[in-house]
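Enquirer: Given the sequences, and given the hints that come with them, work out the whole structure.
2 protein chains.
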Amino acid sequence: MKKEIKIFSPATVANVACGFDVLGFCLDNKGDEMVIRKVSEKGIRITHIEGYDLPYEANKNVAGVSALSMYENINPDCGFEIEIYKNIKPGSGIGSSAASAVGSVFGMNELLGKPYNKTQLTYFAMKGEALSSKSEHADNLAPAIFGGFTLVKSTLPLDILQIPKPSELYATLIHPQIEIKTSDAREILPKQVSLKDATAQWANVGSLIHALHTSDYKLIHRSLQDIIVEPFRKQLIPHFDDVKFAALEAGALGCAISGSGPSIFALSQGKETALKVENAMQMVYSKTNIEFNTFVSDINIKGIKILKS
Amino acid sequence: MKKEIKIFSPATVANVACGFDVLGFCLDNKGDEMVIRKVSEKGIRITHIEGYDLPYEANKNVAGVSALSMYENINPDCGFEIEIYKNIKPGSGIGSSAASAVGSVFGMNELLGKPYNKTQLTYFAMKGEALSSKSEHADNLAPAIFGGFTLVKSTLPLDILQIPKPSELYATLIHPQIEIKTSDAREILPKQVSLKDATAQWANVGSLIHALHTSDYKLIHRSLQDIIVEPFRKQLIPHFDDVKFAALEAGALGCAISGSGPSIFALSQGKETALKVENAMQMVYSKTNIEFNTFVSDINIKGIKILKS
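Protein chains in written order, with my numbering: chain P, 1 to 309; chain E, 1 to 309.
Simulated from the structure, these hints should not be mistaken for lab results. Hints are supplied without guarantee of correctness; some may be wrong.
Straight-line distance between alpha carbons at most 16 angstroms, and here's what the computed EDC-like set of lysine to aspartate or glutamate pairs gives [what the hints assert, rightly or not]:
#1 P:K196 to E:D197
#2 P:K196 to E:E187
#3 E:K218 to P:D159
#4 P:K287 to P:D241
Expert: The structure is reproduced here in structure tokens:
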């Protein structure tokens, strides 16, 4: 029986323009590393945190809360130690809390002999995610656990669909170093939307799913539109319109807010275009006095993975 | 050059539960027949109408208005006569006006040597459809012209997607003989919907598209839900809840209002189940004093077709 596992818990992009609260995809070359260790002393302990300043108390730490949720469910005759090597900045909008929430339960599940399936892991991770966003949702968790593109059809009951990924699709991300709390980004949203706008939005969700199934890049372009959420949330992100304009001019299929921001993502056909888009995004932000970083990533179809066991 | 063409213009189901104003599918064994004839005298003339009492003046008849729209666009050195053999009752909610609007332009296009593609035909037909519903939409027109399941991603510009059809899918229809005007059925709808409900609806649209691509009948079942429109429009249809309950009990994957009603459709896996569902629907309405009729249909993947040329 394995005693210790080292895992890579990936960053993710939620919403994906038209799919507020339901769509997400998984990134490849950005993520946290975590070590989960099975120990004889019962309970969940966070023993090491690197990268960012996060609470060590399990019930105040996202990874700890999700771990406790699983731990209480299975009530094993052992305990777990969690080490967190955080690369995804909290509040960056690319699923930092989701990566933490997912990592602990994925690692524990492996060490326990996989008693739970991916949907059940998502359920436990939602408890951790709720600590940071104040609401239980799974649009970052599902792609982190399942990989690729996911559609969270419902959270109660949890119903997660894996959507195929066209082979040439690449993501470009820019993270302006400003802070937006997920809870604030939710409060800025209207409670009501017009039936007309909602109808246009579900047409786009439907057509994006169709486009992903058929690898229709032009249709992906036409579908990556958000008329419901973006008009509100973009107010929280300086130069959003300029970044979007530059990304599309550089050939991106679409460009929108990643999760609740402040990160902005673009999708492109081919890595070469994705790199051009990265350059275009850099050009916009290099003229401002806001710190930022950018990266290009393949879509990660595997999701969270074991680095060493 | 052909002088005359006889066509079958099929009935269609719009909305398909979750996809208000954007989704539709085409029926197989219910539709109008029309004869379109090329004549030397210029203009559009409706020369014969059978089945239902409809205006002969081209600019007051749905088939005439769509015909005029195409005629004015191409301005040919000839005219057209239109004969309408109407089997789909106007106002029944299975695309009666769409069948008329589509039939004339499809037939004219054939006789002119196909100068227009299917999307352009839909554009002309929208002009006819607007005469009856007071708004230009294409959710019945698109399946009548393209066949199968269609998603009207946008009407301006017109962007129509053909969605694959699982092989074992059958439709059951019941038409209670009451009148609901499309315009009235639109006025009963709220102008605003909650973001929460809208989000649930676009999750269902996305998952239905995914389910149709993957022939996942259980997911079709979970996706055929309408929390936005049905609660309002079902008030206009006596015994709607009873019919829906009976259809689902009989094994239907889903049951909802067809277009703006009063017809109600169900989708089932397999013809046998579709026939059981028909029987269950009949049981409900036979206890009322409302006249009705029912039928079971394959999904028509061809759409409008030539019977004789």
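Enquirer: Against each hint, give a clear statement of whether it holds in the structure.
Expert: Status of each hint after checking the structure:
1. P:K196 to E:D197: holds (14 angstroms)
2. P:K196 to E:E187: holds (13 angstroms)
3. E:K218 to P:D159: holds (12 angstroms)
4. P:K287 to P:D241: The hint holds at about 14 angstroms.
Hint compliance for this structure: no hint is broken.
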